[in-house]
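For the protein sequence lines, the chains are A and B, in the order given.
Heads up, the first sequence is in this note's numbering, so the first residue is 1 and it goes up one at a time.
Heads up, the second sequence is in this note's numbering, so the first residue is 340 and it goes up one at a time.
Worth flagging that the hints you see were computed from the coordinates, not collected in a lab.
Computed from a predicted model, the values in this text were never measured in an experiment.
For every residue, glycine included, the Cβ atom is placed at its ideal position computed from N, Cα and C.
Any given hint might turn out to be false.
Claimed, not checked - Cross-link-like lysine-lysine pairs, in silico, DSS-like; alpha carbons within 27 Å at most:
no., chain 1, residue 1, chain 2, residue 2
1, A, Lys-285, B, Lys-504
2, A, Lys-85, B, Lys-528
3, A, Lys-85, B, Lys-504
4, B, Lys-480, A, Lys-285
Unchecked claim - So these bits of chain B aren't anywhere near chain A, every CB distance computed over 12 Å:
no., residue
5, Arg-383
6, Val-482
7, Asn-516
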Amino acid sequence: MHPIERVINRLRGTPVDRIPYAPLTSLYGARLTSCPLEEYYASPEKYCDGQASVVDLLEPDILFSPFGLVIEAEAFGSTTAYFEKNPPNLRAPAVESYSGIGSLTVPNIDSHPRLMYLRESTRLLSRRYKDRIPVAAICNAPTELPALIMGIENWIDTLLFHPEEARTMIELTSRHFVDFANALLADGATCIITPASFSNPMIITHRIARDVLVPTLRECYARVKGPIVFHHGGARLLPFLALLHDLPNVVGFVLDPRDSFSDARGVMGGGPAIMGNLNGTLLVKSTPATIAGRCRRILEDRRDDAKFIFTTSNADIPYDTPVEHLTIIRDTVQNFGLT
Amino acid sequence: MVDKDYRQYQSQLIGKIIDAERAEAVAFIDALAQEVGFPTAISRVLDPALIEIGELWSREKLSLAQGYVAAKITEDVLLKAVESTAWKTETAHMHIPVVLANIEDDFHSLGRKMVSTFLQLSGWDVCDMGNDITAEEIVDKAVELHAPIIGVSAMMYTSALNIAKVRAEMDRRKLANSMKLAVGGAIFKVRASLVREVGGDGTAVSAIEAPQLFADLLHTIKR
Numbered sequence: 001m002h003p004i005e006r007v008i009n010r011l012r013g014t015p016v017d018r019i020p021y022a023p024l025t026s027l028y029g030a031r032l033t034s035c036p037l038e039e040y041y042a043s044p045e046k047y048c049d050g051q052a053s054v055v056d057l058l059e060p061d062i063l064f065s066p067f068g069l070v071i072e073a074e075a076f077g078s079t080t081a082y083f084e085k086n087p088p089n090l091r092a093p094a095v096e097s098y099s100g101i102g103s104l105t106v107p108n109i110d111s112h113p114r115l116m117y118l119r120e121s122t123r124l125l126s127r128r129y130k131d132r133i134p135v136a137a138i139c140n141a142p143t144e145l146p147a148l149i150m151g152i153e154n155w156i157d158t159l160l161f162h163p164e165e166a167r168t169m170i171e172l173t174s175r176h177f178v179d180f181a182n183a184l185l186a187d188g189a190t191c192i193i194t195p196a197s198f199s200n201p202m203i204i205t206h207r208i209a210r211d212v213l214v215p216t217l218r219e220c221y222a223r224v225k226g227p228i229v230f231h232h233g234g235a236r237l238l239p240f241l242a243l244l245h246d247l248p249n250v251v252g253f254v255l256d257p258r259d260s261f262s263d264a265r266g267v268m269g270g271g272p273a274i275m276g277n278l279n280g281t282l283l284v285k286s287t288p289a290t291i292a293g294r295c296r297r298i299l300e301d302r303r304d305d306a307k308f309i310f311t312t313s314n315a316d317i318p319y320d321t322p323v324e325h326l327t328i329i330r331d332t333v334q335n336f337g338l339t
Numbered sequence: 340m341v342d343k344d345y346r347q348y349q350s351q352l353i354g355k356i357i358d359a360e361r362a363e364a365v366a367f368i369d370a371l372a373q374e375v376g377f378p379t380a381i382s383r384v385l386d387p388a389l390i391e392i393g394e395l396w397s398r399e400k401l402s403l404a405q406g407y408v409a410a411k412i413t414e415d416v417l418l419k420a421v422e423s424t425a426w427k428t429e430t431a432h433m434h435i436p437v438v439l440a441n442i443e444d445d446f447h448s449l450g451r452k453m454v455s456t457f458l459q460l461s462g463w464d465v466c467d468m469g470n471d472i473t474a475e476e477i478v479d480k481a482v483e484l485h486a487p488i489i490g491v492s493a494m495m496y497t498s499a500l501n502i503a504k505v506r507a508e509m510d511r512r513k514l515a516n517s518m519k520l521a522v523g524g525a526i527f528k529v530r531a532s533l534v535r536e537v538g539g540d541g542t543a544v545s546a547i548e549a550p551q552l553f554a555d556l557l558h559t560i561k562r
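Isolated chain B, as found in the complex (with noise of 0.2 Å):
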């Protein structure tokens, strides 16, 4: 198949996903699976469309539904994708652990988790911590696990501040060169200058972003 194929099935698959039609997107990948397998499946038409669908979101030309739809169709589509011999034997996955999790006095879930989606699609392995966690909690978990990069959410200007207080554990413990920060949530597409305030390295203007912005900071690790 010619890639100018591949751009058809990505317009395709982009305004299924406009159109909120979830279970007709899952099934669409699914037919292309059949034949391309998975990997393809998704390298060429899943991924290139969630990026679009990412900038049109950044923009403020899509929902926040829409962005929701998407999350759903990728957790659906991975769902699949993984109980498919060729995702098993042709995918690089890629083993790095990251944590996520909404801060202490926050409990709104729904930006972690769509991120935990994209990320797990780009091949991290995501551990999920949930809502209102604390600072302590969140960088022992990383250390335990070796993670690289912590991600962590708050929605409300007053809870984000709390992150704050991840940035002051990783310093204490003196991981600034070997794990970095990654924050999001409503409030800082508002308010870019408070992921300066609360110490983040990285965010995301979108969901979709994360896995980029996770790649970039990766790169910025002194090995």
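Looking at chain A on its own, in the form it has when it is part of the complex (with noise of 0.2 Å):
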């Protein structure tokens, strides 16, 4: 079974060979490849060439286009921080307080060097890998794009005391969303990864994830042309199911590492699939036995979850991973029988 049966057929609750995996490592094939960072979240091909390194060594059943949310914001007039083994990071703002919001525009994802990358990115991936292995583009939802463009500080700011000026932001930030995952997907994407921490009430308060931020989203993952997949963001998941599990074209929840499996199926029912929960960030300072008994016992869980897909949560496995983390997380999926 290839990757891409595989994965499709978990989305449908059909049998499977066995349970498909997708580790977190965009930032991990710079480190196969030992291509600069600066390089790698710039080169199309070189960010290709490391995911290629990624399928030789970890068999994944889904690959990511570049998870490097804030490349999306530069767009928008950010500027970014480069690291020798991390992902880029928000360096400055494009604007400082709400009062810049209205001199914002929307970029052209045809044209801007920064979109066109992330772009190009998915559309080798998807040529390279076509009908073998999904391709998930990963882009920022509506509601979370504006703290890359203003700083976590004055997104929240804005949308506690300022709410003309936050609909503003968002009326941006929708119309590039629906029209950049469109984008990605008519490039060869399987699905877009949106992670969204910002539309949960462990960011913002209930008031403003249930009446400003969750219908945002449900308005444009409406128009959005294929199969979402709604990644926890870093915060924790379960308590806010609820308020996002009926959301359009979503097909699938990332969980957090400590939300539960059986209580986020006892909220969605049996619609979308589950994915998680191993905490990729934390690989770096554990040892393969542990590894392999969290995996081993994420994977027992869900034995008879037929739309479970076995993922790491949170961000980017880190740089510094020994290759035997994650080694021993291939064989340990790929070893376990559902029988």
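Could you use the hints to bring the two separately framed chains together as a complex?
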């Protein structure tokens, strides 16, 4: 069974030869090819070479487009810090407060170099692994992108105290999100993944999540012409799944490592797939035996869940994670019998 | 005014913070301060309310945004208080300097700014160095100001590891007995062992609880 059949069958709840798995190894490809990160996050070819090394080593069932959320914000004018071993991060936001929102414009998704990097990486990956491995394109949710355009603090402040300007910002990022997500799908992405912690009342108030942010997601997701996977974005998802589980076009949820699968299933019923929830960011300091044990516990827990996909949760797997900490995941998942 | 009245004020203030009613909360404390003075309004109403908010936050009963609202209300009230005569004459400030920074490679300032606000409310003299500060710069500043405590923040695991450089720099200068290292940020909430890994002397589960952590650390310094 090819990974793409395995993943599609799982999303449909039909039989598979084994549980599909997807470690978040967007960054790790750079380590495997010894590619400097500033080059890796600028050259679609280098990114694609890195992911090819991931395929050779780990045989994942899903590949990811660059997990550099701030790259999308660069197109709005934010600046980025690049590191030797960490993914790019926000250095300075495009605007410093709600008063600057009026000066922002939606970038051209067909010409802005940073958006073209993300699109071309998706296109190259899709072309290389067409009909074999699904490519998940990572895209900021319209409710998250403002935090990278104006900083977390200013976005919270705007949502709380400047509702008019918050609405203007959401209109802007919504327009961008729908066009960009559809472009990534047209470029060959199998699905869109949207990390979305701001629509989660762990971050924002329940009222704003319910009345402003979730309706925005509902409206935007309905206009995306393909499947969407909702990523927990670093915040616990389970307590708020009831708000989110019926979002249009969402075929799966990546849970936080602290979330319970069975409780999540209880909230969602048999609908969307559940994904997760090995903590990818902590693999670097663990041991192969501990990791194998954690993997087995997760697999056992979901043995009878026909719509479960094993993934790492949280952010990218760290650059310095020993190779054997990842190959043990591959071996454990691939050798886990479903019967 | 008897204690029972203050408890009612505290409850009302907590309600306003939870509902993110910043302007109403500040006006509420301001009105009370006109009657009893800012030192009393803060010590009998705002401080206890913040302790309760901190407890709710640490149990994940409140959102980051509500913690942010608490910090903004505190900031607004402090601004009004420092202009009042009573604050200048009645409040015992510690005048103990502390240095805060986000470690090298970390650009997530929200938590650090909130910690700064709550420390100032508790009377600390805060030197906030900002984002992406190297270990050497942080320790240099702490030595220059004779700060007994350094507070260093990081959001991500990979940048948090850079905090170990602060510990190494403190050790290299033989400051372990005279200076303490408080660490914080989202990653420390999900990985408690990281405090020890990076050489931290302690952490707080929320920004509101930072003043207690700093007070505790101060008591551990050998004088």
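Against the structure, the hints come out as follows:
1. A:Lys-285 with B:Lys-504: Measuring from Cα to Cα gives roughly 18 Å; hence the hint holds.
2. A:Lys-85 with B:Lys-528: holds, 23 Å
3. A:Lys-85 with B:Lys-504: holds, 16 Å
4. B:Lys-480 with A:Lys-285: violated, 32 Å
5. Arg-383: The claim holds: Arg-383 (chain B) sits with its nearest Cβ about 27 Å from chain A, beyond 12 Å.
6. Val-482: holds, 27 Å
7. Asn-516: Correct as stated: the minimum Cβ-Cβ distance to chain A is 29 Å, above 12 Å.
When held up to the earlier numbered hints, the structure conflicts with hint 4 and nothing else.
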